[in-house]
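Those protein sequences? They're chains X and R, same order as listed. According to this note's numbering, the first sequence is numbered sequentially starting from 455. According to this note's numbering, the second sequence is numbered sequentially starting from 15.
Any given hint could turn out to be false.
[Unchecked claim] List of simulated lysine to any residue pairs, SDA-like, C-alpha gap at most 25 Å:
no., chain 1, residue 1, chain 2, residue 2
1, X, K595, R, Q30
2, R, K300, R, R279
3, X, K595, R, G46
4, X, K594, R, E179
5, R, K189, R, E179
The set of hints was computed from the structure by calculation and includes no laboratory data.
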Amino acid sequence: MTISRKELSWMYETMYKSRYYEDEMEKTYTEGKTPVFNIGSGTVPGEMHLSTGQEPAAIGISVHLRKDDIVASPHRPHHHAIAKGVDLKRMTAEIFGKKTGLSKGKGGHMHLFDPAVHFSCSGIVGAGLPQAAGAALAAKKKNKDSVAVAYIGEGAANTGSFHESLNLASLWNLPYIVVVENNSYGISVPKSASTSVASNDLRASAYGDNVKGYYVKDNDPIAMYHASKEAVERARKGEGPSIIEIETYRFLGHFQGDAEGYRPEGEVEELREKDPIPLFRDLLMKDHSFKEDELVSLEEKAKGEVDEAYAFARESDYPDLEEALDNVFI
Amino acid sequence: MANLTMIQAITEALDQEMAKDEKVMIFGEDVGKNGGVFRATQGLFDKYGEDRVNDTPLAESGIGGMAFGLAMQGFRPIAEIQFFGFVFEVMDSIVGQMARTRYRMGGKVNLPVVVRSPFGGGVHTPEMHADNLEGLMAQSPGLKVVIPSNPYDAKGLLTSAIRDEDPVVFLEHMKLYRSFRDEVPEEQYTIPLGKAAIAREGKDVTIVTYGYMVREALKAAEQLEAENISAEVIDLRTVSPLDIETIINSVEKTGRAVMVQEAQRQAGVGATVISEISQRAILSLKAPIGFVAAPDTVYPFGTVENDWLPNAKDIIGKVKEAYNF
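Kindly generate the complete structure, drawing on both the sequences and the hints.
If you want it as structure tokens, here you go:
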């Protein structure tokens, strides 16, 4: 099964864009928070969960998704949103808390919503699982072949909603895919101390013959592409739900400002050596005849788009105080 | 006009709105072939099929989350929570997600979900089945909380709730389900949410209440009339948002107020009503505001239930206290 050049090109550009976006956010987030770290101050006040290192999870499945496919994302949503095609300018303005944001600055970084591309979020771990199952049921009822994807961290696979949602999705044979981003930690607790199975794809067999599990190791975008392709095709054809667990890497803390005392020494450095983006770049040049200048031009395009989004967010105004009383009836 | 019990009026409201709008669908535990444990959905599975009336597994948080996902995709789901005490299993979906989404999205999307559920004391169901938890819901901005007190209101309010663009928690008192009948028009009609009704007019004291307690308040008002005390009874119908205007107008007229609720005393709907009256109409008051509520204990076991629950006698006592102050 080969991957088209167009797909590879999109995957690289989008991974690069996502990474550059998070690198910019990491820098921007510290503005106004030094020398004393105060989470509530600076250009981007509030909590911040960055996806740096986890790009293959989002890009490998999103390459198969259409605009009318539905995505429910958790508290670490930027790479998912970028890969789904969420309006980057309005997303960035939302994260900055500006009135030009996706939700007029009222949602923030953990609540990114873009109905135009059927993207939604919730900061509550596991909350998106039944929501995506409901959206999958909606697709089925409308006789459409769209699919619903719930991204979760490996920690959320231990919530009750994982069980409730997969049981329902199997029972009603929904076009439902759970992507488990196993970044080894639920905040500080390692997966080995939280999860009774080696990987969550193994749990698929507990939900019925129509549920299939896939395991993607080494944060590999190509392997993620293939697993996702099969899962999405199965869902579109009405063959049932899937669980894809990808072994991914969280290069940064759970949140920005996390002291990460729970990490073994040298772990991040080791992970950084396996950074999926330069590895993918090398692969494109070595095995897929991409040229240096071609890749550079994809990178420049991605950077330009991100820079423009940040400039838009910076230049935008904050919402008026009255906005706090709008869009709710009490 | 037909003479219907409240449960029949509810079934009729569901049936007629499903017939009218194909986006309306029902799901919950035992709502399909069984027609719901109280038979609220009786006949709907046969009429509309499993595509629109879905039996779910015992998975409240899944029911709430799926209602969210369906509503985001343009459906109008009606989720039944079998007994409202089970709502704790689905609090995140209702309070953490549904209630907040319109605000959180800057008004871009509405979530037209109805969460229907039986509740209420006096039928010897244990705690977690009987509990009055409307105060928990009413504290959540973004949710409308509706509690009918009779079959006529139940049909009109439920029809409004289904047509409403925002999440509505619709609570049905079990003691009202089959205890009496009302004239209910066969055609569809709506009763606006957020508007109270004056269940009985009076001039000496205002009794503010909702749900089953409206029956007890009316009983009390009748007995008080014999003693020449004229009580006005306000049926809130919707406990969030509250119809403050109707309450204040009445209190300004009568000069006395007694709040009656079946729920425990602490931090509920009654406390809010009393607070609003104190802030807005204190100079109209001739007596302190009376409060009839259940004690702040866990909902009790069956043999003491009738003593624990507020009743007409308690209401009469508080009204007289206010009247004779």
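Hint by hint, here is what the structure shows:
{"no.": "1", "hint": "X:K595 / R:Q30", "verdict": "holds (21 Å)"}
{"no.": "2", "hint": "R:K300 / R:R279", "verdict": "holds (23 Å)"}
{"no.": "3", "hint": "X:K595 / R:G46", "verdict": "holds (17 Å)"}
{"no.": "4", "hint": "X:K594 / R:E179", "verdict": "holds (23 Å)"}
{"no.": "5", "hint": "R:K189 / R:E179", "verdict": "violated (29 Å)"}
Hint 5 from the earlier list is the only one contradicted by this structure; the remaining hints agree with it.
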